[in-house]
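With the hints as extra help, turn the sequences into a complete structure.
Protein chains: 4
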Amino acid sequence: MLVNRRTLRIEWGQCDPAGIVFYPQYFIIFDTSTGSLFERTGLSPRAMRKKYGIVGIPVVDVGATFRIPCRFDDEVIIESEVEEWGRTSFTVRHRVLKEGTLVLDGFEKRVWAAPHPERTGAIRAEPVPAEIIASLSDSTGVTTVATKDDDKSNISTK
Amino acid sequence: MLVNRRTLRIEWGQCDPAGIVFYPQYFIIFDTSTGSLFERTGLSPRAMRKKYGIVGIPVVDVGATFRIPCRFDDEVIIESEVEEWGRTSFTVRHRVLKEGTLVLDGFEKRVWAAPHPERTGAIRAEPVPAEIIASLSDSTGVTTVATKDDDKSNISTK
Amino acid sequence: MLVNRRTLRIEWGQCDPAGIVFYPQYFIIFDTSTGSLFERTGLSPRAMRKKYGIVGIPVVDVGATFRIPCRFDDEVIIESEVEEWGRTSFTVRHRVLKEGTLVLDGFEKRVWAAPHPERTGAIRAEPVPAEIIASLSDSTGVTTVATKDDDKSNISTK
Amino acid sequence: MLVNRRTLRIEWGQCDPAGIVFYPQYFIIFDTSTGSLFERTGLSPRAMRKKYGIVGIPVVDVGATFRIPCRFDDEVIIESEVEEWGRTSFTVRHRVLKEGTLVLDGFEKRVWAAPHPERTGAIRAEPVPAEIIASLSDSTGVTTVATKDDDKSNISTK
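Chains as they are written, first to last, in the numbering used here: chain G, 3 to 160; chain C, 3 to 160; chain E, 3 to 160; chain P, 3 to 160.
Each statement offered as a hint is correct.
Treat identical chains as interchangeable: a pair holds within one or across any two.
Below, in silico cross-link-like pairs of lysine to any residue (SDA-like), each with a Cα-Cα straight-line distance of 20 Å or less:
#1 52 with 123
#2 52 with 22
#3 53 with 19
#4 111 with 27
#5 100 with 46
#6 52 with 122
#7 53 with 117
#8 111 with 65
#9 100 with 125
#10 52 with 73
#11 111 with 22
#12 111 with 63
#13 111 with 26
#14 111 with 86
#15 111 with 67
#16 111 with 38
#17 111 with 139
#18 52 with 74
#19 100 with 79
#20 111 with 89
#21 52 with 19
#22 53 with 75
#23 53 with 135
#24 100 with 48
#25 53 with 74
#26 53 with 118
Don't read these hints as lab results, they were simulated from the structure.
Have a look at this one:
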């Protein structure tokens with residue numbers, strides 16, 4: 003799988019009176035990290051929504067295990083990759099590392115969600131496009147989704 | 003003016019490593035307090051948007067002065083009232099009190115914003131309805147905005 | 003087990019551009035709900051830290067399953083109870099209900115954490131006091147922890 | 003004055019149901035931007051606290067004017083500089099730009115706060131060190147504060 007890496011510095015406002023990161027903040031980091039991973043397809047969030055007619059990729063199940071606390075000004079690396087592809091859902095694994103040590107890991111199970119064809123405001127899970135799976139399954143990161151309309155194939159290789 | 007009061011307990015996640023409320027949290031409290039004040043018109047946020055065709059009451063100017071820090075588990079009272087009515091805008095004054103002492107105060111200047119008639123996605127400031135002004139100017143709180151369609155007048159007195 | 007209930011209205015700032023609650027916000031709600039549950043022992047957070055010499059009850063494992071989205075201005079009830087007592091840890095189950103329907107549930111596994119006797123800044127898990135377990139295991143809510151120093155027993159019944 | 007620039011992408015969780023940044027989020031950005039500016043002195047937050055025996059630089063007065071909304075995935079630049087030096091306080095001006103256009107600006111007035119010598123837990127404003135003023139007043143950014151103990155002078159030039 004393609005592993006996306008982000009480097010962050012822990013901010014003052016992310017920490018609590020115990021001096022450590024307030025744990026819900028990690029899920030904000032997870033959410034943005036998944037967005038960052040999906041941009042590796044070559045599609046911006048806006049482009050992805052438009053191209054496939056989805057409303058987004060809402061979370062249905064999440065979890066995390068906290069091993070070592072992080073503190074203000076710590077530099078951390080977040081590694082994110084799809085751990086498992088379902089038909090209409092997928093699971094992203096996130097690992098947060100500090101000086102090479104795993105400080106926490108967690109997952110987000112999300113669905114590929116389009117507007118429901120009959121019920122206004124509701125959503126319906128739809129199959130994840132093969133080209134998205136292909137792109138995020140390629141650990142080299144060279145397989146992206148073509149965005150040109152005249153493309154015969156939907157998958158391009160940089 | 004009508005003064006709306008809310009009582010809150012400071013939460014762990016609102017505080018920073020210095021053990022005091024992280025100041026941006028007060029603006030989240032301000033935002034919700036303005037919503038709470040406007041419900042005193044008798045209209046829910048949804049009803050107000052629908053009745054007047056507005057997209058909301060976005061903030062254009064804010065400020066706050068911090069006098070005394072608040073800590074986890076402190077009980078505070080937030081007093082909110084419209085301080086000044088403009089034609090298409092208004093200013094809400096918020097005061098936060100702890101054990102009767104002013105710990106901070108601030109303001110939000112907001113506009114009465116409808117969708118722009120020509121530019122998609124843009125907004126246009128429109129006059130604040132007289133009945134909204136009447137309701138929130140009545141310190142007794144009895145003047146509310148009628149929501150029944152068959153109402154002759156838009157202002158009712160409880 | 004003792005079930006603690008809180009009623010909340012979903013705030014504007016808790017929702018995302020899809021119009022639904024941004025999921026990390028639920029963990030902020032969980033965190034405060036656990037605090038609220040533990041106050042049913044009769045001890046404030048401050049008193050509990052002082053009485054038992056703990057630094058807090060940090061989270062080691064969390065998870066949640068999202069079933070139905072919540073939107074701005076929805077009224078929700080959060081029900082929280084200890085689901086399982088370990089020796090030095092415990093698991094709190096949270097359920098969020100909207101109009102009687104379960105919209106999401108989740109858990110927080112937390113440890114009873116005292117300062118480490120040797121390593122400055124580190125913590126050590128210690129046994130959860132029997133009187134805390136007794137109090138939060140009593141579904142009637144009448145068993146609280148006595149706070150008077152002259153109390154023979156540490157458990158009182160209201 | 004030294005102007006510090008940060009580039010950020012607006013995150014999903016920073017936006018509200020109107021699709022624009024929830025305004026308190028800008029103050030979180032301000033807070034981190036001030037931290038980033040002060041690191042240009044060559045001192046980490048931790049080093050600055052230790053070197054000068056301060057507890058931090060808490061905010062006493064803030065304000066912001068919002069001109070153009072920012073949306074999810076917008077790239078913004080935050081420019082921060084000290085606008086005015088008081089004796090024991092200073093004001094940081096923040097400007098947020100999108101594609102070269104000012105979208106909002108604001109300020110934070112902060113104090114140089116040391117522990118109060120007599121009252122436990124309280125703070126006392128103290129004079130801002132001349133070398134901090136010198137460093138952040140140098141628009142070239144080359145004047146930093148020496149951190150070596152054996153340094154004769156406290157100001158170094160890279």
